[in-house]
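Undergrad: Those sequence lines, one after another, are chains A and B. The numbering of the first sequence is the numbering used here, which starts it at 1 and goes up by one. The numbering of the second sequence is the numbering used here, which starts it at 1 and goes up by one.
It is possible that part of the hints are untrue.
Quick list of in silico lysine-lysine cross-link-like pairs, DSS-like style, CA-CA up to 25 Å [said to hold, decoys possible]:
hint, chain 1, residue 1, chain 2, residue 2
1, A, LYS251, B, LYS426
2, A, LYS301, A, LYS285
3, B, LYS149, A, LYS251
4, B, LYS78, A, LYS251
5, A, LYS254, B, LYS59
6, B, LYS234, A, LYS251
7, B, LYS121, A, LYS220
8, B, LYS92, A, LYS254
9, B, LYS259, A, LYS254
10, B, LYS301, A, LYS213
11, B, LYS78, A, LYS265
Stretches of chain B that chain A covers, calculated by requiring three or more beta carbons in the stretch to come under 8 Å of a beta carbon on chain A [as the list claims (entries may be wrong)]:
hint, region
12, 91-102
13, 126-133
14, 241-254
15, 420-433
Estimated spans, in silico, between C-beta atoms of each pair [claimed, not checked]:
hint, chain 1, residue 1, chain 2, residue 2, range
16, B, GLN97, A, GLY260, 53 to 59 Å
17, A, ASP281, B, PHE414, 41 to 47 Å
18, A, ASP281, B, ASN98, 24 to 30 Å
Treat the hints as calculated values from the structure; they're not laboratory data. Built from N, CA and C at the ideal position, the CB exists for glycine as well.
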Amino acid sequence: MEQIENNIEQQNNIITFKGITFYVIEHLDSLNINETINYHAVLINGKDELFIRQIVKRIRSHKNPNIYLKPVFLLKGVNIIDPLINQLIDGTLFSLDQIPFIKKEVEKILTKNEEIQFTRQISFEAQMIVKIITYMYSREMSTLTPIPYYNSDVNYTYPPLSVNFGHTEEYAIFSIFEQAEYDGIFTSEFVDRIYLCSQCSNGRMSYREVCPKCNSSNSKTDDIIHHFPCGYVGPMNDFTNEIDDELDCPKCNKRLRHIGVDYDKPSVIHECLNCSHRFQDYFVKAKCLSCHHDNSVEQLKSKVIRKYKLTQKGIYAAVNGFVTTSKDIEEIVGTVKYDTFKTMLKYEIERLKQTEGSSNICAIHINNPNEIYSVIGSEAQKGMLKDLVRIIRSNIRSADVITFQNSSTIVLSMYEIPKKSATRILAEIIVILERLLKTAFKGVEIQFEINVVQLDYKISHELHLHNLTKDFT
Amino acid sequence: MEEILDNYIRFLVSLTPGHFIRLFWFYIFFEFTRYFVIEFIILNLAKLSRYLNRNKYDKAKAEFLFEYPLISILVPGKNEGKHLHKLVNSLKEQTYQNIEIIVVDDGSDDDTPIIGRSLEKAGKIDLFLRNEVRGGKASAANLAYRYAKGKYIVHLDADCSYDRDAIEQIILPFYLDDNIGGVGGNVMVRNYKESLATTLQAIEYYDTISIGRRVTSYLGWYRIISGAFGAFRKDLLDNIKGWDIGPGLDGDITVKIRKLGYKIYFADQAVCLTSAPKNFKILAKQRLRWDKSIIRFRIRKHRDVLSPNKHFKFSSFLSFVENITFSVILNIKWYIYAADMLINYPSSILNIFITNILLYTFTNFLKYILYSLYRNRSHTKMYEFLIYIPCMVFYFGFYLRVVRTIAHFQEFVFKKSYEDPWNPIKTSTHAKEMGL
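In isolation and in its complexed conformation, chain A is listed as follows:
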């Protein structure tokens, strides 16, 4: 063991300082990134930007939160200009002597990491969203700002998210952000607009002005001259002579004297040297450098680049390490989309204005989703939700509909029956559910809360839904 300075000890590639262990990575050979899990932080010792980027990407794109949230520092302080690296490391050291200075930072990150509980997510989108928000929470970032990036296939990078994707899949970040914003994790603000290849969604393109007929960019441009006295109009070439540099009108043979007085140049004309077509407006084409598809600019896919701010709901989800997205529940057979349910509810309320009758909406809420989802896998989560729906469906009439408000709250209609009956049916459903889930998921105790609201045509459908679920914990 080598003593570097006071309290800093190094043994092979492990450095210890006052109980904090650093795993030093100096080369890629025989590197097992999983080993980092055993240490508090990682030090990357290298000057080659490519090497550093590879290490950073392997850590931050890891699926294990104990690795991707690990504090990472650069040693030797080379001037790194790659913004992806700069965004994904926690600091830079010029020598090992500076380790005491980063101790506080490491401890702060570790403390934050400890606050986070982790749960298995159902969908890929939810997993990615959890990765971003936990990283943001861990680093006390409130906003995720896109950075223009030369190595990005979509021209902008959101380092904590983009690092999870290979070149050809990078455009998937947009749907993840859209999903997260739709589910209330982020609010966003416009930053820029980008254009992607219509075929492969790559943003790296070569823009060219081409002939509208043959798409060739091989062309020449000539001024159009209008000779006022005789009204002749033609390209400059018509006016040149072989003797001198003067311009003579081919119609009236007069010499052109003074622009604006006896002639002007009202426009230009381009001639394609490939097909001889003449035109005034080039077509602009964008050739994709990835798939080589020659897009007309109208075909390009337009995407808005936004910066994302974590909401309170997002912060709460980060701490719980659990996100449910509408993606998680939209594919479950036997349910309708929440928006569709709302529309149907609105019509039912309208109908009640005309007729006397009693209709209800009911909610079944899983009280402890974090506990359940952290124990069972994502496929099992989906299976459980499907079971819930199947059982509810078999106990209600076919005219009634079921929807998910989120992955822990199921809302259903029970139209044209008294509230008392609806409450009784719901209670019976819960008994069946508890019995079945106890058998299917041993060791998992699911706690349900239920509520029934009788429809009142004097209040809106939104308020009905609010009243239905407001008391759920």
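Here the structure of chain A is known, so what remains is to put chain B in place on it, guided by the hints.
TA: Below, chain B without anything else, positioned relative to chain A:
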């Protein structure tokens, strides 16, 4: 009123043939003779000639369709974007389809560039050219012509639409006779129901212009290929290098082709519908421009047609003489007639006036009914226009005459056509300097 009627009947009863000729010499010798008797005779001759030459027409059509030449359709104009879509659709409906459409936007300040470019991009226009700075109609037409590739050039106005066989019919005459250098289409009024002004113009185009052009075309005197619909041989335009500065460039280019020794033909079956000025104020501006150009081009720029030089051509000479006589001299003679009556027959002036009105109206009815036998195509049922015929005497005899007189005076004395905003000042200044 009763007194006036009694007085008028007494006047009519007292009229002897000699007296009638003395009092209505202008009507008898000029209006009735030229615009009815001679015209009617020639119209019959033209019809007979057409019948006798029907095999020649069939042969020309076969030859034309066998050759199937490219025809360049030029559409120059300013702020005409709103008409382009309808125009292009009307052209796409043509029976003859080997055409290229070239639209020139002469410095429009509306959406014309956007509309034109989008039509070009959609392949509905072959070439859309825009001059950022307005240069006038001639420069726009010349730019289009400069990039035309067709054997024949058809010049159109964007606000017109065309019969399905109009392009075919306007090109056909070139195959009848190698000496035909330009062909004028038959322009009719589309918006004839819009107002009284458009209805009267529709009758004018229907009777006087269309029939008049058939007559002058037969005689070889046809003088103006309408800018709304005219066809030219490309090689001749190459020779004269396109249009000169207007206003009146239609008549000017017709004269220039005549001067090259070629004939001008009126294709009555090549029908084009145009939107006529919808009120008398706008119509007056249009006719002032047209009438000024007669003085500017016939009497000034191309007066050499009247001189016996080496380019002298009898048909061109007659065309000019006829035009000048009936447009300018006759107009003056009418005032002489009016003065003659006022001075020599002041007590009978009201009776003379009423008789003239009746005579002219009678002639107009006669022409309208008789000529209907000679028309190939009609807007509407005959009686719809018939009720407006009595208005024509006031339209021709007073309204158009006054406008014409003002135009001739302004042009003779002040050369007002060079100040017409129809052309940008930069070009008019040079045209005036050069006497063009």
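Undergrad: With reference to the structure, classify each hint as holding or not holding.
TA: Hints, verified against the model:
1. A:LYS251 - B:LYS426: Holds, at about 18 Å.
2. A:LYS301 - A:LYS285: Within the cut-off at roughly 13 Å; holds.
3. B:LYS149 - A:LYS251: holds, 19 Å
4. B:LYS78 - A:LYS251: Between B:LYS78 and A:LYS251 the Cα gap is close to 24 Å, so the pair holds against 25 Å.
5. A:LYS254 - B:LYS59: Not satisfied, since the Cα-Cα distance of roughly 45 Å exceeds 25 Å.
6. B:LYS234 - A:LYS251: holds, 15 Å
7. B:LYS121 - A:LYS220: holds, 20 Å
8. B:LYS92 - A:LYS254: violated, 41 Å
9. B:LYS259 - A:LYS254: Cα-Cα ~22 Å, so holds.
10. B:LYS301 - A:LYS213: violated, 43 Å
11. B:LYS78 - A:LYS265: holds, 17 Å
12. 91-102: The restraint on the region 91-102 of chain B is violated, since only 0 of its residues have a Cβ under 8 Å from chain A and three are required.
13. 126-133: Contact hint for the region 126-133 of chain B vs chain A: holds, 7 residues under 8 Å.
14. 241-254: Result for this restraint: holds, n = 5.
15. 420-433: This one holds; 6 residues, not fewer than the three required, reach chain A with a Cβ under 8 Å.
16. B:GLN97 - A:GLY260: 53 to 59 Å: violated, 43 Å
17. A:ASP281 - B:PHE414: 41 to 47 Å: holds, 43 Å
18. A:ASP281 - B:ASN98: 24 to 30 Å: For A:ASP281 and B:ASN98 the Cβ distance comes to about 25 Å; the hint holds.
The structure fails hints 5, 8, 10, 12, 16 (numbered hints given earlier, in ascending order).
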